[in-house]
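First to last, the protein sequences are chains X and C. All the letters of the first sequence, read from the start, carry residue numbers 1326 to 1717 under this note's numbering. All the letters of the second sequence, read from the start, carry residue numbers 378 to 630 under this note's numbering.
Don't take each hint at face value.
Calculated from the model, a selection of chain C residues having no Cβ within reach of chain X, i.e. all distances over 10 Å [to be verified]:
hint: 1; residue: Leu471
hint: 2; residue: Ala493
hint: 3; residue: Glu506
hint: 4; residue: Val524
hint: 5; residue: Val549
hint: 6; residue: Pro577
hint: 7; residue: Met602
hint: 8; residue: Leu610
hint: 9; residue: Gly618
List time: in silico DSS-like cross-link candidates among lysine-lysine, alpha-carbon distance up to 30 Å [what the hints assert, rightly or not]:
hint: 10; chain 1: C; residue 1: Lys518; chain 2: C; residue 2: Lys466
hint: 11; chain 1: X; residue 1: Lys1652; chain 2: X; residue 2: Lys1699
hint: 12; chain 1: X; residue 1: Lys1627; chain 2: X; residue 2: Lys1402
hint: 13; chain 1: X; residue 1: Lys1399; chain 2: C; residue 2: Lys480
hint: 14; chain 1: C; residue 1: Lys518; chain 2: X; residue 2: Lys1400
Simulated from the structure, these hints should not be mistaken for lab results. Glycine included, each C-beta is placed from N, C-alpha and C at the ideal position.
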Amino acid sequence: MKAIVWQGTNKVGVETVPDPTLLLPTDAIIKITSTAICGSDLHLLDGVIPSMEKGDILGHEFMGEVVEVGRDVKKLKPGDRVVVPFNIACGVCDPCRRGLFSACDNSNPNHRMAEALYGGVSGGGLFGYSHMYGGYAGGQAQYVRVPFADIGPHKIESDLRDEQVLFLTDIFPTGYQAAENCGIVPGRDVVAVFGAGPVGQFAARSAQMLGAAHVIVVDRVPERLAMAEAAGCQVINYEQDDVLVALREATGGRGPDHVIDAVGMEAHGHGPGALVDTAKQRLKLSFDRITALRWALLSCAKGGTVSLPGVYGGLIDKVPMGAAFAKGLTFKMGQTHTQRHIAPLLSRIEAGEIDPSFVVTHRASLDEAPALYKTFRDKHDGCIKVVLNPWA
Amino acid sequence: MSQDDTQPTPPALSDSASDTPDTHSTGAHMPARERSVVGTVGVALMGAGLRSARPLQKIVLGGVGAGLVALAATGRNPLATALKIRQNKEGEVLVSDAVTVGKPAAELYAVWRDLAGLPRLMTHLERVEVLDAGRSRWTVKAPTGEVSWEADITADEPGQRLAWASVEGAAVPNHGEVLFRAAPGHRGTEVVVRLTYRPPAGTAGAIVARLTGEEPAQQLRDDLMRFKREQELGFAPTTEGQSSGRAPQGGAA
Ligand SMILES: [Zn+2]
Ligand SMILES: [Zn+2]
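For reference, chain C alone in the conformation it holds in the complex (with noise of 0.2 Å):
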């Protein structure tokens, strides 16, 4: 009989961040120097939400912005916490998931390995330009229209890891890597994405990001889905398209 007394301790939601690994905190307290943004921020978000005729808008961006002002107020991110966005000390936002494809890592690795190829990967990369062997310019749309910087490539051990840096003076500093290693019993490869990126508006700006739809964690989510069915099917499944009681036309029988 194996009966184990102590039970383990659920990871605590609150925003010590000092004891838990970079890589690996979940929420974390916030630099002194967002404290401003978010609070103003905040402010803004209160003001909108008094000043709106529609009752639920009043609702949330009352609530969501009385939050911000009490979080900048404090220091502390419990908003973030809740909207599980993970940040490490230095503030930059984590995103990061897997997925098995059924397919050898020198091929799955080849596909990621053609940068310009990667925006088909990664559908908030709107382009990426090969410069010279290690370089690269990679353009993504924002609200405000491009944002573009270049990287180089720090790492490329073929078949296994491909990773990469933004250069100083970047708009959005941002790191990443993949990770391609053989999934255990021929199930082909595991492959790993991790990201890091400083948002514009530091934890302000993943907050107001995540709560106006955009997530990153999703999308890296439904870039990996998709990276895994074009490859193992070679389609993505559609129901675009289909017939049903709401199209437009009537019936055809």
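So that you can see chain X by itself, here it is in the shape it has in the complex (with noise of 0.2 Å):
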């Protein structure tokens, strides 16, 4: 089958490669329809993420038509349409049993690797993500195995679109969870979200759905805004205004209750040791994690949350703690837990409440990918999600 593969840092590209097989009887093969490359996939990309070897079959948002299941597969059969989420998770450990489905005990096969970097503690594995998230193929691929497939894909009964349902994968559940981990009142609240990438549109949408009362967008990309502009979202350019007072503006003083910091992380460098200096360098060079962490404890109103959707890779200085602690703020953050996401946010799909496939702005085939990772990486092109059609 045709795959993307990971060749070395800044190197990506189409190969053909052996079908995947069953490996357990919990497997299933997915035929895949639609798979979208995610700003993630960039920190692999440009090597910020440790642990990927050459040959690494890339990508974590997909779906597609089950086409094999294995003997111990129960929910699942050949012809199934299903969305498959980008974090691998048992359903039997306590974390999954408490929906803690991205930190579950059992699905990485490499949690040593993991545990040696983040002091004795693995979550989940992840398709397509680096041997430290259990190094599975990943899904921008023909076809893909998935493992655990009856507590992972989720079947689409409907006939919405693949672009309609492909992001349940990761971004929507991502951006939601961002969003409900604020615990928004609504009518009251105000929701400002740092960085309006495909993460950011989710969690800005969301907070709407979840009834915030005003959504503030922080970003510097003029497509990017104007498509959080459309969906009713004040919008600041930080190019052009101080953040900071404009969101005391804004808000009358107070700050907004709330703050997801939905900004990719910036190439910070290679491994936790360097992270720290490279993200010094880069600190006035670009919107970066740190810049928009420090932005969202300095402007979070006091009792208010600061919610962080994305990945953060290893040691951050500089964090003002002590506004954080004089306000009271409350931190969130982590994976998102997909799995128990889909089926809601299916519902709000189906119900016309909201159609994700406002953010795709690119549609290709593999052979085209590498050169859109690029295009996507530069934000050229008013870039902002790409879809890929493996068989296009």
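Got two chains here, each in a separate frame; can you build the complex from them with the hints?
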């Protein structure tokens, strides 16, 4: 089959690789009909995430048709149309039973790599996202092997188009969980979202769905701000305005009740040790995580929530903890527990509350994907979200 | 407002074993009789390092050797401390870890009580033969061949605790216990394993074993995670044999 393969830092290519096969009785094989490039894939591309190996198949946002199931798979059968969460969960461990699917104890075969980096703790496995997250082959391909097939994949029985349900695999639940974590009081709370990339877009719309009185989106890329504005959000371009002043003004001096930091993890270096220094060098150059986090803590209203949906990889310094403490802020963060959000969010899509396809700006074949990785990385050509058809 | 003005003192990284409880000392001082062994190993490694043609090996072996010589000279073992080798005053190495498994204690205890089945749980064991109700023969693979010893069950509290100790004269004197206790909130059972052994060459042996990749603590961690997954899932998650751009054969499509 054809697949997008990591060939080294800043090198991805299309290769012909063997078709996946069932490895365990709880596996399924999915023929992929649509797959997306995610902002977090860019951190595999640029080598920020350690433990990639040449030949790894990328991709964690995909959907398709079940073509084969292992003998212990009970809920799926060939022909079923499914979306597949980006995180892999066993469904039986204590975190899984509490709905904390991304914290699964059992799905990462390489738990010792993550434990070595994170003080003896490993989250669950992820598709196509480095060996410390399990080394599972990803879904920017024509077929994919899906482990724990009764736990992750969710059947789509309505006739919604792929683009309307594809983002249930990651960015919609990720943005939604970030908003849900804020504990928004409907009709009262003001929510600010830093970063108007795909996750920021879904976080802003989710905050609206959860009843936020007002949603403010901060970025600098005009087409991204325009997309948020189209949804009815107030926008602040941090290159044109002083963010902290603008947010005070927009909220009568209180600051937003909740702040979501949805800035993609910018290049912070290689491995936890290097993260600090590279981040320091880049502070003035880009709207990176540290700047966004500082703005989040400094702008958030008293008693508010700072919600961090994205990926933090290592160490950060110069965090204004004094401000956070003085205001009594609550921090919420972590990988998305995708499995628990899919059904309720699918209902919202079916009810017409939201059509996630708004975020798609580029459609292409696998052959065009390597070039689009770069377009997306450089935010050229108005690129916000790329969807690939592996059979085009 | 609650402000704790007295900063807790971080655990000392030096080698003061004198006032720390036996079972929790990290590093600790080195029994005098080991100093000559450590020094000898150190000198040998330094020699090997200096002779080595490979620059990296030169640095690593030379450095480790020099470290061993230094610690032999001072009777301190900062290297053991740095490598997180836990040792008590008697020079025994301690390894312990714990895992919570979503099953009742009685079931998990039964798996461990089947001594002949222990090699499936603890992968460094080659086999365990049950000789009679209390005594068994344990065999491990070593670089020099197999090493065996006899062990007695020293405590057997069904569903709670199992303990054993090697009998007098064992090549690797050791003892260990497994505790089973209910995790709060119906989360299953906390399984705690504590192993204590005297490595063949004492501190030096433990350090060399650690540096050459035989990490008992990591091995125990892996063993416990495999046990948890075997009990909770019935299998080990894997990516062995999946497709990639590294596969030996070309595409099937
Ligand atoms: Zn993603
Ligand atoms: Zn789990």
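Structure-based check of all given hints:
The Cβ of Leu471 of chain C sits about 17 Å from the closest Cβ of chain X, beyond the 10 Å cut-off, so the non-interface label holds. Look at Ala493 of chain C: its CB is around 27 Å from the nearest CB on chain X, clear of 10 Å, so calling it non-interface holds up. For Glu506 of chain C, the requirement that its beta carbon stay farther than 10 Å from each beta carbon of chain X is met, with the minimum near 31 Å. Here Val524 of chain C stays apart from chain X, with its beta-carbon at least about 26 Å from theirs, past the 10 Å limit.
The claim that Val549 of chain C is not at the interface with chain X holds, since no C-beta of that chain comes within 10 Å of its own (minimum 25 Å). Every beta carbon of chain X lies more than 10 Å from that of Pro577 of chain C, the smallest distance being close to 26 Å; the non-interface claim holds. For Met602 of chain C, the condition that its CB be more than 10 Å from all CB atoms of chain X is violated, with the nearest at approximately 6 Å. Non-interface status of Leu610 of chain C relative to chain X is broken: a Cβ of that chain comes within 10 Å, the nearest being about 6 Å off.
Gly618 of chain C, annotated as away from the interface, has a beta carbon of chain X within 10 Å; the closest lies near 6 Å. Among the hinted pairs, Lys518 of chain C with Lys466 of chain C is consistent with the structure: their alpha-carbon atoms are about 28 Å apart, no more than 30 Å. For the hint pairing Lys1652 of chain X with Lys1699 of chain X, the CA-to-CA distance comes to about 41 Å; that exceeds 30 Å, so the pair is violated. About 51 Å separates the Cα atoms of Lys1627 of chain X and Lys1402 of chain X, which puts this hinted pair outside 30 Å; it is violated.
Pair hint Lys1399 of chain X plus Lys480 of chain C holds up; C-alpha atoms about 23 Å apart against a cutoff of 30 Å. Note on Lys518 of chain C and Lys1400 of chain X: the hinted pairing is violated, with a Cα-Cα distance of about 44 Å set against a maximum of 30 Å.
Hints 7, 8, 9, 11, 12, 14 from the list above are not met by this structure, while the remaining hints are.
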